[in-house]
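Per the working numbering, the very first residue in the sequence shown carries number 160; after that it's consecutive.
Derived from the structure by calculation, the hints contain no laboratory data.
Please note that the accuracy of each hint is not assured.
[Said to hold, decoys possible] Computed cross-link-like contacts, DSBU-like style, restricted to lysine-lysine with a CA-CA straight-line distance of at most 30 Å:
(1) Lys639 / Lys304
(2) Lys304 / Lys282
(3) Lys625 / Lys639
(4) Lys444 / Lys304
(5) Lys444 / Lys636
(6) Lys249 / Lys504
(7) Lys504 / Lys639
(8) Lys282 / Lys182
(9) Lys372 / Lys304
(10) Lys282 / Lys223
(11) Lys423 / Lys625
(12) Lys223 / Lys345
(13) Lys636 / Lys625
(14) Lys423 / Lys639
(15) Lys341 / Lys249
(16) Lys504 / Lys555
(17) Lys249 / Lys282
(18) Lys304 / Lys341
(19) Lys249 / Lys625
(20) Lys423 / Lys444
(21) Lys636 / Lys423
(22) Lys636 / Lys304
(23) Lys372 / Lys341
(24) Lys249 / Lys304
(25) Lys345 / Lys249
(26) Lys345 / Lys372
(27) Lys282 / Lys625
(28) Lys282 / Lys345
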Amino acid sequence: MELQFDPYSVLGISANATNRDIKRAYRRLARRLHPDVNPGNPAAAMQFQDITWAYNILTDPIGKTQVDRQIEDNRQGTNTYFSLRVTPSKRTIAVMPEEQMIYLLAELHAAPQQEEVKRTLTKLNLTLVVDQSNSMNGSRMNRVKVAAQRLIDALTPDDILSIVGFNDRASVVLPATYANDKPQLKARVSIMASSGGTEIYRGLEAGIQENRKQFNPGMVNHILLLTDGHTYGDQERCLQLARDANNQGVSISVIGLGHDWNDKFLDSLAAIAGGTSSYIDTPDKVVGFFNEHVRSLTDVFSERLVLSVAPDPDVNIEMAFKLSPSPQSLELVNGRIPLGSLEAKRSVSLLLQFQLPANMPEGFRTVARLVAMGDIMQNDPQAFQVVSDISLEVAKNPHPDEPPQAIMDALSKLTLYRMQERAQHELEAGNVDEATRLLEHLATRLLERGHSALATTTLNEASQLKRTRTLTDAGQKTLKYSTRALVRLDEEIASLMDEN
């Protein structure tokens with residue numbers, strides 16, 4: 160029998176559990192996850208299938224014997240793991256006549272020894288999808304060529320690279336091939352030229368096709384899309400491509416170069432596909448970005464990482480935001496949050512916001528069941544998952560306690576990001592005065608925190624808004640991506656949580 164996951168951990172019980180313990184654990188979870196009890200919750204439905212599988216195999220004497228034998232064999236092997244730590248903003252909440260919010264800080268870490276053991280670089284199946292439209296002519300295309308050639312220098316002969324260029328149509332500049340003959344690969348890059356318009360769908364479709372040709376579960380299968388312009392009429396098809404790619408184990412990151420591109424669209428595309436979205440204001444920064452991006456990919460410990468979030472039937476998830484390593488809003492796709500990769504030396508941290516019901520009875524209650532799943536690159540088999548079941552105490556007069564410092568810090572920084580979001584929403588709704596007021600308030604808050612340059616930019620945009628009733632493209636993107644970058648989880652604060 161080849162086990163994909165440990166059925167004991169799926170049910171949240173020890174390997175010494177009796178048959179009675181197994182049945183009790185299953186019934187307890189089924190009362191929260193069964194589709195009849197928790198309708199319209201795709202994560203709960205999938206988790207119910209998982210616990211049913213675990214229950215069936217552990218209540219079968221032959222199956223249980225085989226499971227126990229394989230678990231013991233795995234203990235003797237060299238497979239490693241990742242951990243999931245979940246910290247609530249409060250462990251005791253008050254009985255209230257209205258709904259209330261609670262936050263969960265979820266942190267994924269590679270096994271501690273991974274930072275100390277010398278590891279070989281993770282192999283890459285990397286596809287560059289590059290905008291070759293007229294607007295890329297000149298310094299932009301020249302710097303992209305230099306960046307691609309430097310990237311080729313950083314690859315090993317075991318890595319695979321493909322390059323697709325697109326404008327009104329797509330062309331394969333470099334078919335998926337091992338990085339053996341680097342001069343030849345660089346020569347292919349040098350012939351790239353700019354012309355035509357921008358149709359991202361064509362380039363993304365061709366890029367995914369190239370990546371799939373050499374898809375390998377033992378590699379990081381990744382697409383890096385760079386564009387400096389808007390695409391028209393194909394956005395929904397692009398998002399569907401991203402969903403399909405992620406379902407098949409291919410992640411997509413995007414770079415917006417300059418100021419004239421659709422940030423909402425590219426942010427959504429990256430979030431759906433388990434990648435990152437980045438803003439580069441000048442071509443000179445492209446080379447450094449490519450270098451850092453490839454470095455992070457070669458340090459991947461676990462790939463195809465997702466977090467399944469199943470709130471209890473009376474609880475709603477309101478927001479998911481990644482704090483580190485690359486802050487961004489996250490998308491819930493069929494009850495799962497695509498997270499992409501977990502590096503050996505950098506954790507993945509995210510903040511989840513839940514709405515709890517009014518008039519909860521006193522006592523302990525569950526809130527949500529979180530399951531992190533991913534493929535650990537050096538394991539055989541690769542698939543691994545870890546479960547965290549969150550419960551809280553409800554009391555009439557709870558002892559007042561402050562949220563953990565890491566959560567307070569994240570919420571404080573997230574408030575700045577949300578403030579610029581609200582200003583943008585007010586502007587889109589035609590409420591120029593309110594948008595201006597929010598930007599002026601944001602500038603004050605930024606100045607108080609020591610971000611004087613960003614505060615000045617914010618004030619300039621507020622003045623621009625008063626005069627012209629619009630923001631500059633450059634200013635809007637600077638405010639959005641700069642305040643988003645501030646949200647990154649402070650490692651010193653996180654280490655204090657470890658000590659506690």
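Outcome of the hint check:
no., hint, verdict
1, Lys639 / Lys304, "holds (28 Å)"
2, Lys304 / Lys282, "holds (23 Å)"
3, Lys625 / Lys639, "holds (19 Å)"
4, Lys444 / Lys304, "holds (13 Å)"
5, Lys444 / Lys636, "holds (16 Å)"
6, Lys249 / Lys504, "holds (29 Å)"
7, Lys504 / Lys639, "holds (28 Å)"
8, Lys282 / Lys182, "violated (43 Å)"
9, Lys372 / Lys304, "holds (24 Å)"
10, Lys282 / Lys223, "violated (37 Å)"
11, Lys423 / Lys625, "holds (24 Å)"
12, Lys223 / Lys345, "violated (56 Å)"
13, Lys636 / Lys625, "holds (18 Å)"
14, Lys423 / Lys639, "holds (11 Å)"
15, Lys341 / Lys249, "violated (55 Å)"
16, Lys504 / Lys555, "violated (43 Å)"
17, Lys249 / Lys282, "violated (42 Å)"
18, Lys304 / Lys341, "holds (14 Å)"
19, Lys249 / Lys625, "violated (42 Å)"
20, Lys423 / Lys444, "holds (22 Å)"
21, Lys636 / Lys423, "holds (10 Å)"
22, Lys636 / Lys304, "holds (25 Å)"
23, Lys372 / Lys341, "holds (20 Å)"
24, Lys249 / Lys304, "violated (51 Å)"
25, Lys345 / Lys249, "violated (55 Å)"
26, Lys345 / Lys372, "holds (21 Å)"
27, Lys282 / Lys625, "violated (52 Å)"
28, Lys282 / Lys345, "holds (20 Å)"
Violation of the numbered hints given earlier is confined to hints 8, 10, 12, 15, 16, 17, 19, 24, 25, 27; the remaining hints are satisfied by the structure.
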